[in-house]
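Trainee: Sequence:
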Amino acid sequence: MNFLLNEEQTLLRDSVRRYVEKEYSFANRLNYAASGEVNRQALEYMVSQGWMAAGLDENSGGFGGGILESCLIAEELGRAMPLEPYWALAMAPTALLSSLSTPSASALLKNILDGNVVASPLIRGSVGKNESIFAKKVSATDMLITGAGGDVYGLNALSHILVVANIIDGNSIERGLFLVPLNAAGLNLNSLTLLDESLSAKLALSEVLVSSDSLIATGDEVLAATQYAEHVAVLGLCSSAIGMMAAVIDNTVEYLKVRKQFNTAIGKFQSLQHRIADMKIAIEESRAIIHRAIAKTKYGDVGSAIAVSEAKYLVSKNSAFVAAQGVQLHGAIGLTEEFVIGHYFRALTVCSHILGTPYEHLRNLASNNDYFTID
87 MNFLLNEEQT LLRDSVRRYV EKEYSFANRL NYAASGEVNR QALEYMVSQG
137 WMAAGLDENS GGFGGGILES CLIAEELGRA MPLEPYWALA MAPTALLSSL
187 STPSASALLK NILDGNVVAS PLIRGSVGKN ESIFAKKVSA TDMLITGAGG
237 DVYGLNALSH ILVVANIIDG NSIERGLFLV PLNAAGLNLN SLTLLDESLS
287 AKLALSEVLV SSDSLIATGD EVLAATQYAE HVAVLGLCSS AIGMMAAVID
337 NTVEYLKVRK QFNTAIGKFQ SLQHRIADMK IAIEESRAII HRAIAKTKYG
387 DVGSAIAVSE AKYLVSKNSA FVAAQGVQLH GAIGLTEEFV IGHYFRALTV
437 CSHILGTPYE HLRNLASNND YFTID
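Just so it is clear: in the sequence shown, position 152 is 238 by my numbering, and no numbers are missing.
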């Protein structure tokens, strides 16, 4: 594997970093969190810059990029702890829809890339969890969807949710992907404000009436595309966590330069320099395993789940370490609401516990019979 970025990837990373530094300050984030509103300007900017399509090939409306390009964007945006999760609003839906072969999927993908629709797929609450959502035909053109399960992220930015349901037609059952408006009658969202002040929700549907136009795809490809989208979402979440870790290290290094004890900047103390070195090792370990997982994550590849679980476990473990070190090296100020480090700690804690906790991903690895096989 080659971890070196090419010129186009470097330019992409740098452009996102400049945007974050200029437009998405910590003060702006606090204001949006307090108001409960979404940063619409940020979403519009992502669309205008083509970041929504960064992971797509040219045939799907992208620029020939892949998961790596999307993860680079997620990492740099992660430095700002955005309340509009790029991995949920861009990476997951585009990975899902670009993997489907139907005209409806292509049309919806174009609407998402153009910013006309903001949709995110319903994501499983934990590794290996199965939802029970069913769609029953009530006429030649209409169905009723009922069931519950799964999580929705980036809630206050969404206009629609992509829901996978088992379609019951007489004695046959077929999996289908539906586009459901957020304001549909019978769609209940138990919204939750997470520790990092972002919004998510638990989904419940009670006889939600949808037309055949809402059916995006059916058959086995829906399951394969959904699994692929979930893997891509986890990699995007992990990349966002790496961006937060990088910001924690940068802020901590700067603080150690100005905080003095015994008339000396504490950053000159060798023991603290060693702790910064350990934090930097942790982030490089995380980047390395993300690159490995990106290389192994492919549509329809059953081995992708192993690589993704490895990445989620290690990144979660390392992010907890980096966040804790950042708070401790700042001292009491690191726990105040006005200081950014405590917010990074909470955001990294959320990253560790959504889309499968590290322990769930570790169990996923342990339950795979081939994982511990020695060739």
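Incorrect hints may have been included.
Computed cross-link-like contacts, DSSO-like style, restricted to lysine-lysine with a CA-CA straight-line distance of at most 27 Å [said to hold, decoys possible]:
1. Lys-382 x Lys-403
2. Lys-366 x Lys-403
3. Lys-346 x Lys-196
4. Lys-343 x Lys-366
5. Lys-366 x Lys-382
6. Lys-403 x Lys-384
7. Lys-222 x Lys-288
8. Lys-108 x Lys-288
9. Lys-108 x Lys-366
10. Lys-346 x Lys-366
11. Lys-403 x Lys-346
12. Lys-288 x Lys-403
Here are the in silico distance ranges between beta carbons for each label pair [stated by the list, open to error]:
13. Ala-113 x Ser-292: 40 to 46 Å
14. Ala-234 x Ser-453: 21 to 27 Å
15. Gly-417 x Arg-378: 51 to 57 Å
16. Gly-417 x Phe-149: 16 to 22 Å
17. Pro-189 x Lys-366: 37 to 43 Å
18. Thr-279 x Thr-96: 33 to 39 Å
19. Phe-149 x Asp-299: 47 to 53 Å
None of these hints come from the bench; they were simulated from the model.
Quick reminder that beta carbons are idealized off the backbone N, C-alpha and C, glycines included.
Trainee: Next, verify each hint and record whether it holds.
Mentor: Taking the hints in turn, this is what the structure says about them:
1. Lys-382 x Lys-403: 21 Å, holds
2. Lys-366 x Lys-403: 14 Å, holds
3. Lys-346 x Lys-196: Not satisfied, since the Cα-Cα distance of roughly 55 Å exceeds 27 Å.
4. Lys-343 x Lys-366: Within the cut-off at roughly 17 Å; holds.
5. Lys-366 x Lys-382: Measuring from Cα to Cα gives roughly 25 Å; hence the hint holds.
6. Lys-403 x Lys-384: 25 Å, holds
7. Lys-222 x Lys-288: 22 Å, holds
8. Lys-108 x Lys-288: 34 Å, violated
9. Lys-108 x Lys-366: 25 Å, holds
10. Lys-346 x Lys-366: Satisfied, since the Cα-Cα distance of roughly 23 Å is no more than 27 Å.
11. Lys-403 x Lys-346: Violated, at about 31 Å.
12. Lys-288 x Lys-403: The given pair, whose Cα atoms are some 26 Å apart, holds under the 27 Å limit.
13. Ala-113 x Ser-292: 40 to 46 Å: Once the Cβ atoms are compared, 41 Å apart, the range 40 to 46 Å for Ser-292 and Ala-113 holds.
14. Ala-234 x Ser-453: 21 to 27 Å: 25 Å, holds
15. Gly-417 x Arg-378: 51 to 57 Å: 36 Å, violated
16. Gly-417 x Phe-149: 16 to 22 Å: 46 Å, violated
17. Pro-189 x Lys-366: 37 to 43 Å: 48 Å, violated
18. Thr-279 x Thr-96: 33 to 39 Å: 37 Å, holds
19. Phe-149 x Asp-299: 47 to 53 Å: 30 Å, violated
The structure shown violates the earlier hints numbered 3, 8, 11, 15, 16, 17 and 19.
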